[in-house]
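K.L.:
Listed here are the chains, written in short residue letters.
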Amino acid sequence: MPRKAALAILCFAAMVVAMHAPFVPAQFRVAAMPYRRLVDFHLRDLRIHPPVYELVEPVYRPHEISRDAVPGLTDPNGNLQHFYAALWRTEQHVPGAITRVLHYGDSPTTADLVTADIRSLLYRQFGDAGHGFVLIARPWAWYGHRGIDLHSEGWHVEAATMNRAPDGFHGLGGVSFTGDTGATSTITLPAGHTRMELQYLEQPGGGTVELTSGDTEIGTVETNGGARAPRFAGFPLPPGARTITVRVTFGRARLFGWWFEKSRPGVVYSSLGLNGGQVEAVLWFFGAKQWTAELRHADPDLIILNYGTNESVYPAYVDKTYEHELRALVDRVRTALPTASLLIMSPMDRGVRDDNGDIVTPPVFPRLIAIQKKVAADTGAAFFNTYKMMGGAGTMAKWYSAQPRLVSADFIHPLPAGAAIVGRIVEEALMKGYAGYKAANRLNETAAAGKSQSQ
Amino acid sequence: MQLTSPEYFVLLALVFFLYWFVRRTGKLAVAAVLAANYFFYATWHPIYLGLVPLAATCDFFLGRAIAGHRPGTARRFFVSLSILLNCSLILSSRYVPFLLDPLTAAHPGIAQMEWLLPLSLSFYAFQAMTYTIDIYRGDAEPAKSILSYLASVSFFPTIIAGPITRVAKLLPQVENNALRLSAEDGGRALFLIGLGLMKKLLIADYLGENLVNRVFDFPKLYSGAETLLAAYGYTFQLYYDFSGYTDIALGSALLLGITLPANFNQPYKAINVADFWRRWHISLSNWLRDYLFFSLPGQRSKWRPYLNLFITFTIGGLWHGANWTFIVWGALHGTGLAVVRGLQALRGKRKPNPGPLLRVVSIVVTFHFVALTWVFFRAATIGTALDVLRQIDSGSVAFTNVTSGFWMVLAIAVLAHYVPGSWYKASLNVFTRMPAPVQAMALAALVLGIRYVAATGSAPFIYGKF
Numbered sequence: 534m535p536r537k538a539a540l541a542i543l544c545f546a547a548m549v550v551a552m553h554a555p556f557v558p559a560q561f562r563v564a565a566m567p568y569r570r571l572v573d574f575h576l577r578d579l580r581i582h583p584p585v586y587e588l589v590e591p592v593y594r595p596h597e598i599s600r601d602a603v604p605g606l607t608d609p610n611g612n613l614q615h616f617y618a619a620l621w622r623t624e625q626h627v628p629g630a631i632t633r634v635l636h637y638g639d640s641p642t643t644a645d646l647v648t649a650d651i652r653s654l655l656y657r658q659f660g661d662a663g664h665g666f667v668l669i670a671r672p673w674a675w676y677g678h679r680g681i682d683l684h685s686e687g688w689h690v691e692a693a694t695m696n697r698a699p700d701g702f703h704g705l706g707g708v709s710f711t712g713d714t715g716a717t718s719t720i721t722l723p724a725g726h727t728r729m730e731l732q733y734l735e736q737p738g739g740g741t742v743e744l745t746s747g748d749t750e751i752g753t754v755e756t757n758g759g760a761r762a763p764r765f766a767g768f769p770l771p772p773g774a775r776t777i778t779v780r781v782t783f784g785r786a787r788l789f790g791w792w793f794e795k796s797r798p799g800v801v802y803s804s805l806g807l808n809g810g811q812v813e814a815v816l817w818f819f820g821a822k823q824w825t826a827e828l829r830h831a832d833p834d835l836i837i838l839n840y841g842t843n844e845s846v847y848p849a850y851v852d853k854t855y856e857h858e859l860r861a862l863v864d865r866v867r868t869a870l871p872t873a874s875l876l877i878m879s880p881m882d883r884g885v886r887d888d889n890g891d892i893v894t895p896p897v898f899p900r901l902i903a904i905q906k907k908v909a910a911d912t913g914a915a916f917f918n919t920y921k922m923m924g925g926a927g928t929m930a931k932w933y934s935a936q937p938r939l940v941s942a943d944f945i946h947p948l949p950a951g952a953a954i955v956g957r958i959v960e961e962a963l964m965k966g967y968a969g970y971k972a973a974n975r976l977n978e979t980a981a982a983g984k985s986q987s988q
Numbered sequence: 002m003q004l005t006s007p008e009y010f011v012l013l014a015l016v017f018f019l020y021w022f023v024r025r026t027g028k029l030a031v032a033a034v035l036a037a038n039y040f041f042y043a044t045w046h047p048i049y050l051g052l053v054p055l056a057a058t059c060d061f062f063l064g065r066a067i068a069g070h071r072p073g074t075a076r077r078f079f080v081s082l083s084i085l086l087n088c089s090l091i092l093s094s095r096y097v098p099f100l101l102d103p104l105t106a107a108h109p110g111i112a113q114m115e116w117l118l119p120l121s122l123s124f125y126a127f128q129a130m131t132y133t134i135d136i137y138r139g140d141a142e143p144a145k146s147i148l149s150y151l152a153s154v155s156f157f158p159t160i161i162a163g164p165i166t167r168v169a170k171l172l173p174q175v176e177n178n179a180l181r182l183s184a185e186d187g188g189r190a191l192f193l194i195g196l197g198l199m200k201k202l203l204i205a206d207y208l209g210e211n212l213v214n215r216v217f218d219f220p221k222l223y224s225g226a227e228t229l230l231a232a233y234g235y236t237f238q239l240y241y242d243f244s245g246y247t248d249i250a251l252g253s254a255l256l257l258g259i260t261l262p263a264n265f266n267q268p269y270k271a272i273n274v275a276d277f278w279r280r281w282h283i284s285l286s287n288w289l290r291d292y293l294f295f296s297l298p299g300q301r302s303k304w305r306p307y308l309n310l311f312i313t314f315t316i317g318g319l320w321h322g323a324n325w326t327f328i329v330w331g332a333l334h335g336t337g338l339a340v341v342r343g344l345q346a347l348r349g350k351r352k353p354n355p356g357p358l359l360r361v362v363s364i365v366v367t368f369h370f371v372a373l374t375w376v377f378f379r380a381a382t383i384g385t386a387l388d389v390l391r392q393i394d395s396g397s398v399a400f401t402n403v404t405s406g407f408w409m410v411l412a413i414a415v416l417a418h419y420v421p422g423s424w425y426k427a428s429l430n431v432f433t434r435m436p437a438p439v440q441a442m443a444l445a446a447l448v449l450g451i452r453y454v455a456a457t458g459s460a461p462f463i464y465g466k467f
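Taken in sequence, the protein lines are chains U and S. Numbered according to the working numbering, the first sequence spans residues 534 to 988. Numbered according to the working numbering, the second sequence spans residues 2 to 467.
Please keep in mind that the hints were generated in silico from the structure rather than gathered at the bench. It is possible that some hints are incorrect.
Below 30 Å or equal to it, Euclidean Cα-Cα: the simulated DSSO-like pairs (lysine-lysine) are [said to hold, decoys possible]:
hint: 1; chain 1: S; residue 1: 221; chain 2: U; residue 2: 537
hint: 2; chain 1: U; residue 1: 931; chain 2: S; residue 2: 221
hint: 3; chain 1: U; residue 1: 907; chain 2: U; residue 2: 965
hint: 4; chain 1: U; residue 1: 537; chain 2: S; residue 2: 426
hint: 5; chain 1: S; residue 1: 145; chain 2: U; residue 2: 537
Derived Cβ-Cβ restraints for the label pairs, each shown as a range [unchecked claim]:
hint: 6; chain 1: U; residue 1: 773; chain 2: S; residue 2: 413; range: 41 to 51 Å
hint: 7; chain 1: S; residue 1: 399; chain 2: U; residue 2: 860; range: 33 to 43 Å
hint: 8; chain 1: U; residue 1: 680; chain 2: S; residue 2: 323; range: 44 to 54 Å
hint: 9; chain 1: U; residue 1: 784; chain 2: S; residue 2: 399; range: 42 to 52 Å
hint: 10; chain 1: S; residue 1: 325; chain 2: U; residue 2: 850; range: 39 to 49 Å
hint: 11; chain 1: S; residue 1: 345; chain 2: U; residue 2: 888; range: 47 to 57 Å
hint: 12; chain 1: U; residue 1: 888; chain 2: S; residue 2: 439; range: 27 to 37 Å
hint: 13; chain 1: S; residue 1: 399; chain 2: U; residue 2: 679; range: 54 to 64 Å
hint: 14; chain 1: U; residue 1: 975; chain 2: S; residue 2: 399; range: 29 to 39 Å
hint: 15; chain 1: S; residue 1: 424; chain 2: U; residue 2: 687; range: 52 to 62 Å
hint: 16; chain 1: S; residue 1: 340; chain 2: U; residue 2: 687; range: 17 to 27 Å
Partial list, derived from the structure: chain S residues whose beta carbon lies under 10 Å from chain U [what the hints assert, rightly or not]:
hint: 17; residue: 52
hint: 18; residue: 55
hint: 19; residue: 188
In this text, all values refer to a predicted model and were calculated from it rather than measured experimentally. Glycine included, every Cβ here is placed at the ideal spot set by N, Cα and C.
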């Protein structure tokens with residue numbers, strides 16, 4: 534027996550055991566030895582997909598009509614009825630029945646994580662009526678929409694969460710793009726879009742903008758005008774057009790975004806995320822008058838406010854100011870869109886390391902979500918508790934250790950598989966609510982009766 | 002069971018006492034090693050208790066069959082059978098899930114086949130092939146005892162990630178009844194284990210958790226400077242992770258009196274890609290050279306060796322995983338090696354004698370080439386790798402997401418890598434001369450340090466904007 538090595542090992546073992554003596558301060562204790570794991574021969578789960586989170590995209594099944602309350606979705610005032618009514622018209626293929634959704638959020642939304650999944654699930658159920666709003670260019674590398682390709686050059690970018698435009702004109706999406714002659718953006722879309730709209734600022738001395746698809750001219754927009762106000766120039770798209778270019782051909786023009794739709798009933802789900810997006814940024818740095826005009830023009834059936842992650846970094850702000858500001862933002866949306874449905878969607882769970890190195894949910898998180906729920910209840914808005922429906926506190930810790938991993942190593946941004954799970958959770962809640970709405974109004978029976986009469 | 006887990010060290014301590022208690026009996030000591038090997042495998046999955054002994058027994062008898070025949074068709078047949086068997090083990094544990102993907106998508110029931118083995122058998126298979134191929138080439142004799150062979154080919158410290166050790170080198174050590182562990186070697190073993198833990202848990206994991214993993218998940222969220230720093234960070238993370246593992250494996254084996262080959266030699270001091278591969282994962286590069294590169298046809302032709310280098314390293318890349326990122330990584334290294342070989346051919350027999358400045362420039366260039374290839378190695382997809390490179394190319398400078406702790410650990414990682422080798426030897430000497438209780442205290446202090454960094458090192462990562 535090698536004496537010295539044996540003695541060193543025994544001394545080390547004795548020291549580790551001694552570290553767990555009752556009188557030893559906690560900071561000197563190493564983790565308790567998991568002796569049971571030493572002889573743990575249980576069969577590991579060898580499946581490729583994690584058992585807890587089924588990653589296989591579900592085959593859509595028509596939702597059963599149910600009067601049961603929808604888990605995670607609170608809507609005591611029936612605020613979502615306007616949205617459900619629009620969905621019903623869309624489902625019945627009423628000509629021109631497009632259900633429009635504006636989803637405001639922070640960094641996951643600006644990368645179209647979660648929103649792309651909700652969009653694709655709703656499109657499968659109700660039809661694809663177009664992609665909706667897209668910023669003129671990528672204000673940051675992280676910006677992107679699924680199925681959309683965007684290339685640009687020559688734009689000066691002013692975002693409401695970064696180097697803000699002094700006049701507060703940030704457009705519907707919160708970002709302003711100013712370009713001199715030659716500034717250009719080219720977007721490539723999925724097939725089938727039939728019309729587009731350019732959103733811009735009319736201003737004295739504004740330049741001229743040309744829209745083309747390949748060699749075909751779509752139209753020209755003069756941004757010169759007496760008033761400084763958001764304007765919207767709509768154009769039909771040439772048949773089969775998928776690549777559209779906007780170019781400043783004269784002077785200096787200021788653009789906000791483009792909007793694409795198709796000529797058929799369906800859903801248009803616009804993803805409007807900002808890096809660093811939070812209630813404060815929208816409230817203080819989206820010019821109230823111009824944003825109201827933009828919202829009214831977009832005329833959504835549902836507007837979703839999905840903030841909270843960035844706010845959760847500042848517990849004092851959450852405890853003292855957040856409720857007041859969220860209430861003010863809801864009031865602003867209500868004033869702009871008195872009849873549209875409004876949904877406050879809580880943030881996803883967020884993980885941080887605690888003193889033991891474990892990944893935990895910050896203590897402020899439940900308080901922030903309680904505030905969101907309270908404001909929704911007080912203002913009559915609907916509320917969806919994404920955090921709770923994901924699994925509540927500690928979800929990101931589980932997602933981080935899941936195989937395959939579902940969240941980035943920052944414990945904040947979901948990886949695509951994680952985003953798909955959240956997207957499905959949100960879509961399922963909305964569809965269960967919709968099924969309840971149809972049941973309460975006996976819409977299926979009415980529709981069936983109408984069909985039989987027509988036969 | 003990972004080599005950094007507490008239960009591994011309990012197992013190692015138990016094996017240490019049992020092994021040295023019965024060492025002089027010979028067979029009992031070999032049986033103790035074998036039992037430890039299979040216990041270690043079983044902690045990953047009981048299926049290995051069937052798979053590994055079966056494969057190893059086949060190789061043992063194939064080795065005898067090869068040795069029992071004169072050079073000719075029969076020997077080729079038996080060695081081919083052994084290669085086929087071991088390649089099948091690699092394929093079954095690494096590529097079958099990938100190959101079955103389209104099938105499982107079409108027939109969800111097939112997903113229940115549970116093909117994904119939790120522990121790849123690549124390193125086992127590489128070691129097993131050294132045995133039969135060496136016998137085939139006449140470089141080694143077959144093992145006299147099946148017990149010794151089974152204990153050597155599946156030696157537990159080398160199972161997860163090497164170092165790939167020729168069975169012919171292990172067998173005499175395992176069978177040596179007169180084997181002793183000097184106080185110096187015992188101290189060296191403990192030093193290596195402590196050093197490995199430090200490399201892995203204090204440096205590699207810290208770098209990974211605090212910037213590298215986040216950037217490689219979503220590179221577009223970070224500035225060009227942060228992305229570049231993450232690429233550098235990964236370059237050192239990988240070295241400290243892998244060499245830390247190797248140190249623990251070497252130390253574990255040495256505690257049992259068995260010496261494994263070195264796997265790293267300050268690889269980022271390499272002056273060209275060929276030099277890098279003489280310093281990085283040495284056991285794999287030697288294996289690829291001896292058993293793959295030299296087996297390819299056309300070694301004496303003028304141009305074929307260049308192609309063979311490319312093929313060898315592309316296959317080496319593919320071995321790391323069924324992903325285009327690894328193929329690109331391997332192809333880049335294969336190309337780099339071919340270029341170096343070409344330059345050496347142009348230079349002829351003149352021995353290079355670069356001055357200090359040229360040497361530093363060569364090291365910097367080689368380091369950056371290797372760091373570039375690691376981007377492909379680390380990224381989940383080619384698209385992500387290109388996103389990383391585009392972000393770096395964007396030239397945007399901001400360090401909002403880089404904590405002071407990360408800067409400090411990266412600086413330590415860089416300095417520790419480039420310190421003269423004599424420093425390492427000096428600290429090893431100091432440790433080995435310490436009395437046993439002081440050695441134990443040093444290790445206990447290290448464990449406390451690891452606990453401290455695990456608790457506070459991974460500080461909350463607060464974005465300026467997210």
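K.L.:
If a hint holds in the structure, say so; if it does not, say that too.
P.N.:
Results for each hint:
no. : hint                        : verdict
1   : 221(S) / 537(U)             : violated, 54 Å
2   : 931(U) / 221(S)             : holds, 25 Å
3   : 907(U) / 965(U)             : holds, 22 Å
4   : 537(U) / 426(S)             : holds, 20 Å
5   : 145(S) / 537(U)             : violated, 33 Å
6   : 773(U) / 413(S): 41 to 51 Å : violated, 60 Å
7   : 399(S) / 860(U): 33 to 43 Å : holds, 34 Å
8   : 680(U) / 323(S): 44 to 54 Å : violated, 28 Å
9   : 784(U) / 399(S): 42 to 52 Å : violated, 33 Å
10  : 325(S) / 850(U): 39 to 49 Å : holds, 45 Å
11  : 345(S) / 888(U): 47 to 57 Å : holds, 55 Å
12  : 888(U) / 439(S): 27 to 37 Å : holds, 30 Å
13  : 399(S) / 679(U): 54 to 64 Å : violated, 27 Å
14  : 975(U) / 399(S): 29 to 39 Å : violated, 58 Å
15  : 424(S) / 687(U): 52 to 62 Å : holds, 55 Å
16  : 340(S) / 687(U): 17 to 27 Å : violated, 39 Å
17  : 52                          : violated, 13 Å
18  : 55                          : violated, 18 Å
19  : 188                         : holds, 7 Å
When each numbered hint is compared with the structure, violations occur for hints 1, 5, 6, 8, 9, 13, 14, 16, 17 and 18.
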